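Undergrad: Each number in this note's numbering comes from the position in the sequence shown (counting from 1) with 56 added on.
Since the hints were made in silico from the structure, they are not lab data.
Incorrect hints may appear among the rest.
No more than 25 Å apart at the CA atoms, straight line, and that leaves these computed lysine-lysine pairs for BS3-like [stated by the list, open to error]:
1. K485 - K498
2. K220 - K71
3. K81 - K70
Pair ranges (Cβ atoms, derived) [unchecked claim]:
4. R236 - W168: 27 to 33 Å
5. R674 - T238: 40 to 46 Å
6. A294 - G130: 44 to 50 Å
7. L373 - A294: 25 to 31 Å
8. V199 - R674: 45 to 51 Å
9. E650 - N522: 37 to 43 Å
10. V665 - Q324: 38 to 44 Å
Computed from a predicted structure; not experimentally measured.
Glycine included, C-beta positions come from ideal geometry on N, C-alpha and C.
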Amino acid sequence: MTETRRCIVIPAIKKNAVIPDQLVKRLAGVTLIQRAIDTARGVVPAHDVVVVTDSQEISLICERNGVRVHYNAGLRFTSLDIITEMKSILRELGNDYGHIIIYRASCPLLTWVDIDDAYKTFLENEADCLVTVKSVRHRIWEVHQGRLESFMSEDESELVVESKALIIVKSDALDGGTIRHTVPYFLNDRAMEINSYQDWWLCERLLTQRRVVFVVAGYPAIGMGHVFRSLMLAHEIANHKVFFVCTKESELAASNIAARDYKTVIQQGELWEDVLALDPDLVINDMLDTPREYMEHLKAANIPVVNFEDEGPGSVLADQVVNALYEEPQNETNGKQPERFLYGHKYFCLRDEFLQAEQNAFRPAPKCILITFGGTDMPDYTRQTLDTGEPLCRERGIPFHTDAVQAVGHVPVDVQEMNIDLLSCSAHKFHGPRGVGFLYAKRGIPLTNIIEGGAQERGKRGGTENTPAIAGMAAALREAVDHMVENTEKVTHLRETLIAGLSTIEHARLNGDREQRVPGTVNFCFEGIEGESLLLLLDRKGIAASSGSACTSGSLDPSHVLLALGLPHEVAHGSLRLSVGEYNTDAEMAYIVENVRQVVAYLRSISPVWDELETGARPHLI
Numbered sequence: 057m058t059e060t061r062r063c064i065v066i067p068a069i070k071k072n073a074v075i076p077d078q079l080v081k082r083l084a085g086v087t088l089i090q091r092a093i094d095t096a097r098g099v100v101p102a103h104d105v106v107v108v109t110d111s112q113e114i115s116l117i118c119e120r121n122g123v124r125v126h127y128n129a130g131l132r133f134t135s136l137d138i139i140t141e142m143k144s145i146l147r148e149l150g151n152d153y154g155h156i157i158i159y160r161a162s163c164p165l166l167t168w169v170d171i172d173d174a175y176k177t178f179l180e181n182e183a184d185c186l187v188t189v190k191s192v193r194h195r196i197w198e199v200h201q202g203r204l205e206s207f208m209s210e211d212e213s214e215l216v217v218e219s220k221a222l223i224i225v226k227s228d229a230l231d232g233g234t235i236r237h238t239v240p241y242f243l244n245d246r247a248m249e250i251n252s253y254q255d256w257w258l259c260e261r262l263l264t265q266r267r268v269v270f271v272v273a274g275y276p277a278i279g280m281g282h283v284f285r286s287l288m289l290a291h292e293i294a295n296h297k298v299f300f301v302c303t304k305e306s307e308l309a310a311s312n313i314a315a316r317d318y319k320t321v322i323q324q325g326e327l328w329e330d331v332l333a334l335d336p337d338l339v340i341n342d343m344l345d346t347p348r349e350y351m352e353h354l355k356a357a358n359i360p361v362v363n364f365e366d367e368g369p370g371s372v373l374a375d376q377v378v379n380a381l382y383e384e385p386q387n388e389t390n391g392k393q394p395e396r397f398l399y400g401h402k403y404f405c406l407r408d409e410f411l412q413a414e415q416n417a418f419r420p421a422p423k424c425i426l427i428t429f430g431g432t433d434m435p436d437y438t439r440q441t442l443d444t445g446e447p448l449c450r451e452r453g454i455p456f457h458t459d460a461v462q463a464v465g466h467v468p469v470d471v472q473e474m475n476i477d478l479l480s481c482s483a484h485k486f487h488g489p490r491g492v493g494f495l496y497a498k499r500g501i502p503l504t505n506i507i508e509g510g511a512q513e514r515g516k517r518g519g520t521e522n523t524p525a526i527a528g529m530a531a532a533l534r535e536a537v538d539h540m541v542e543n544t545e546k547v548t549h550l551r552e553t554l555i556a557g558l559s560t561i562e563h564a565r566l567n568g569d570r571e572q573r574v575p576g577t578v579n580f581c582f583e584g585i586e587g588e589s590l591l592l593l594l595d596r597k598g599i600a601a602s603s604g605s606a607c608t609s610g611s612l613d614p615s616h617v618l619l620a621l622g623l624p625h626e627v628a629h630g631s632l633r634l635s636v637g638e639y640n641t642d643a644e645m646a647y648i649v650e651n652v653r654q655v656v657a658y659l660r661s662i663s664p665v666w667d668e669l670e671t672g673a674r675p676h677l678i
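Could you put together the complete structure from these sequences and hints?
TA: Spelled out as structure tokens, the structure:
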């Protein structure tokens, strides 16, 4: 079967232009007529492209491009029916071509792929004519006797209008004078025709639009800082298309990004393959220590790359590296190229809420600085802050107070070595009596009374000392300090037993870093259940637990910490916090694991949410 010949006709009538000389003006660096010729030659050979024009300048451009020209200084198309306007020209071309494609040069967003796909649609439908159209989403009215009456009811089919970008017609349909079978081809976004300066501006912005791909990592071990920074940067990129690729372990990041309606891809194979599949014009990596092999593939594709917080082996291949958290290079692998490596706080990315906030003015002479010395601070950032802040406070005569409630009895604390002026502590944190604690104050530190009286207590406060509780606290502290090392080892073992057992429950998630965590606490989320119900049923089995911190054990709200880590509300609401001590046993851990497993299974069996998750009505988040 012989293939029907086709040609592309480009009407380029200078007199019809809305903007003076618009067809020979540069739009995004290329004239409209040149762009149209290049697009047409992507579909058919140059000799099968025919430009119909009234301009000698356009004729010369066509000759330089090797395309045919039909020149007539008197041409001007005025009606909406361009086939009727061009019928004589089309009939002449019909002697050589069975199919004629009319393509408007004033529609610069159309691509050769669009034309080729429209032609396939034309052939598949065995149509006499194909017209490009776009959907009309507005309500349509007509005026009748001064009143508006709906032209279309809500249940009627969608209204479409001709885009004028492209028409395909059979030559033999022109001979009969009647086109019986016309099919639509929807262009929508790319159907824009330049009919005003505003159209010109919009088309130019769309043609210069680029594809920006963010490659992000975000999971409990490294936190969500990379994600939030990337989202902030993406928010500022309003003129380009933004895509996200998340590393394999970053399902938490992917769910947060997708919730903000960005196209999000989770790594399936090699990371570079998933990135290149999106055909990026720019890649922004924010995933910490970028691999060299991954970067080599990106650079082989000639893609500009910007990396954030990267001291990894691949950073040397980036076009720009922004390390705002580091004041200077952390290693010797970056080549020390200051023009490409930006270090220091002046490159820190601040979210809008901080940029727009009023600056807090510090008091000229602060009376006190508080640093919380928490047992959850496994990397010991508090101690590092203490080492930095203490000399500054000392120079200015500022007392140094540390809240050591979580630390005393569990980690070494030496008030003299650390130069601590004030230290507060609670007895129950190391198995002492409830309702008693102590405040250490270095000699000479002035204290302000909150309760007046108490001459028997040197005027510090009124009331009678709870001597038995104080004695019990002292005994408990002595015992905790004497057995600190062995207690830490035992509690860590019990914690690991709990984690191992609870991790076997389907769709369960350990919250927090697997290694860098407090010895005696475990926090899990179980999808498809409510934390309130979980706590009530465990309580019946003699297991005391909470859904947040111990300080909020009476609250039914999800943990604000888990929400801040990026967990969805419905996942954080199914959290369970367990604390163990040196007096607990392996048998008790086994009892907890088995009963949590049973309670979770029971709650899921009666949960409509779990039913939806299992049937696929909603996706699993864990």
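Undergrad: Against each hint, give a clear statement of whether it holds in the structure.
TA: The hints, checked one at a time:
1. K485 - K498: OK: K485 and K498 at ~23 Å, within 25 Å.
2. K220 - K71: With Cα atoms ~18 Å apart, K220 and K71 stay inside 25 Å; holds.
3. K81 - K70: holds (12 Å)
4. R236 - W168: 27 to 33 Å: About 29 Å separates the Cβ atoms of R236 and W168, which means 27 to 33 Å holds.
5. R674 - T238: 40 to 46 Å: holds (43 Å)
6. A294 - G130: 44 to 50 Å: With Cβ atoms ~46 Å apart, the hint holds.
7. L373 - A294: 25 to 31 Å: holds (29 Å)
8. V199 - R674: 45 to 51 Å: Hint holds: Cβ distance 47 Å, inside 45 to 51 Å.
9. E650 - N522: 37 to 43 Å: About 41 Å separates the Cβ atoms of E650 and N522, which means 37 to 43 Å holds.
10. V665 - Q324: 38 to 44 Å: Between V665 and Q324, where Cβ atoms are some 28 Å apart, the hint is violated.
When the structure is compared with the earlier hints, a violation turns up for hint 10 alone.
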